[in-house]
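Colleague: So for the sequence shown, numbering that gives the first Met the number 0 puts the first residue at 0; every next one is plus one.
In case anyone wonders, no lab produced these hints; they're calculated from the structure. Just to be clear, a hint being listed does not mean it is correct.
[Stated by the list, open to error] When the alpha-carbon atoms are kept at most 25 angstroms apart in a straight line, the in silico SDA-like pairs for lysine to any residue are as follows:
1) Lys69 - Phe167
2) Lys69 - Val4
3) Lys69 - Gly6
4) Lys157 - Thr191
5) Lys69 - Thr189
6) Lys157 - Glu136
7) Lys157 - Glu142
8) Lys157 - Asn29
9) Lys157 - Asn35
10) Lys157 - Asp87
11) Lys157 - Val86
12) Lys69 - Gly48
13) Lys157 - Ala46
14) Lys69 - Asp3
15) Lys157 - Leu32
16) Lys69 - Val129
17) Lys69 - Phe26
18) Lys157 - Gly121
19) Lys69 - Val7
20) Lys69 - Asp8
None of the values given here were measured: they were computed from a predicted structure.
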Amino acid sequence: MNIDVFGVDRPVVGMVHLAPLPGSPRFAGNRDLIHNRAVHDAEALEAGGVDGVVVENFGDAPFYPDDVPKHVVAEMTTAVSAVADAVDLPVGVNVLRNDAEAALSVAAATGAAFVRVNVHTGARVTDQGVVEGRAQETMRLRERLDADVRVLADVDVKHSAPLGGEGFDPEVVAETVERGLADGVVVSGTGTGHAVDTDRLAAVARRSADLDVETPVFVGSGVTTETVADLLDVADGAIVGTALKRGGRTTYPVDEDRVADLVAAARRDD
0 MNIDVFGVDR PVVGMVHLAP LPGSPRFAGN RDLIHNRAVH DAEALEAGGV
50 DGVVVENFGD APFYPDDVPK HVVAEMTTAV SAVADAVDLP VGVNVLRNDA
100 EAALSVAAAT GAAFVRVNVH TGARVTDQGV VEGRAQETMR LRERLDADVR
150 VLADVDVKHS APLGGEGFDP EVVAETVERG LADGVVVSGT GTGHAVDTDR
200 LAAVARRSAD LDVETPVFVG SGVTTETVAD LLDVADGAIV GTALKRGGRT
250 TYPVDEDRVA DLVAAARRDD
């Protein structure tokens, strides 16, 4: 089971982490370096065998909690366009921390296939403060844009906790899909590169299977060459960043050999 944009079962989706964009505190002063690094990483991911990529403004910390400035949307559009032109893969967009409308607009303008939304419904306590989902705005914008763009929504996003401190409730899957109209859900660990709780992943997969609409479940952090096959026995896809970087360091460039090793491990039962 998978979102049809990937065309394969159990897709492995690689991350293109953008260097700091103009206007962010760590911008290095050279747009060409940002685009060249993004294209290099995307091409290495494609050569290693991934089934799609997500372009994300990872270098822009500290992040705006929701609406990013217009220049960030412009820079993201340019970067996503460069990646889309460089690879023959489905491309996704994530605008951190939670600007789903910007991500959807960038995707619609560039022909990207999907977006990832960190908080689509409900509210989460994050290092940016309380971040609220805006499913009502995101899905109406998709309709207005007439955009063939899928929405992958986190249901327990990393670097956050439920508002009020409640434990995880798998019913959030139903809320996200049936009321928020997300096309798929993402389960992550506590932070970037941190492994997902396998019991939580299994609970999400079970609740997803009970829904009236087919809803793929993606693992959104902490996937490694050693764990990917077992995770994909439960989940329908994996979004991978840190494990595909040189030396397993999130901020380093993508390592094509590490990509190939992880993809081979994911396909071990195919």
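Colleague: Does each hint fit the structure? Answer for all of them.
Modeller: Hints versus structure:
1. Lys69 - Phe167: 35 angstroms, violated
2. Lys69 - Val4: Answer violated: Lys69 to Val4 is near 28 angstroms, above 25 angstroms.
3. Lys69 - Gly6: 33 angstroms, violated
4. Lys157 - Thr191: Roughly 7 angstroms separates the two Cα atoms, so the pair holds.
5. Lys69 - Thr189: Roughly 30 angstroms separates the two Cα atoms, so the pair is violated.
6. Lys157 - Glu136: 23 angstroms, holds
7. Lys157 - Glu142: Violated, because 28 angstroms separates the two Cα atoms, which is more than 25 angstroms.
8. Lys157 - Asn29: Measuring from Cα to Cα gives roughly 30 angstroms; hence the hint is violated.
9. Lys157 - Asn35: It is violated: about 28 angstroms lies between the C-alpha atoms, which goes past 25 angstroms.
10. Lys157 - Asp87: 29 angstroms, violated
11. Lys157 - Val86: Status violated; Cα separation ~28 angstroms.
12. Lys69 - Gly48: 34 angstroms, violated
13. Lys157 - Ala46: 28 angstroms, violated
14. Lys69 - Asp3: Given that 25 angstroms is the threshold and the Cα spacing comes to 31 angstroms, the pair is violated.
15. Lys157 - Leu32: Roughly 28 angstroms separates the two Cα atoms, so the pair is violated.
16. Lys69 - Val129: Judged against 25 angstroms, a Cα distance of about 22 angstroms means the pair holds.
17. Lys69 - Phe26: 16 angstroms, holds
18. Lys157 - Gly121: 15 angstroms, holds
19. Lys69 - Val7: Since the Cα atoms of Lys69 and Val7 sit roughly 35 angstroms apart, the hinted pair is violated (cutoff 25 angstroms).
20. Lys69 - Asp8: Since the Cα atoms of Lys69 and Asp8 sit roughly 37 angstroms apart, the hinted pair is violated (cutoff 25 angstroms).
The structure shown violates the earlier hints numbered 1, 2, 3, 5, 7, 8, 9, 10, 11, 12, 13, 14, 15, 19, 20.
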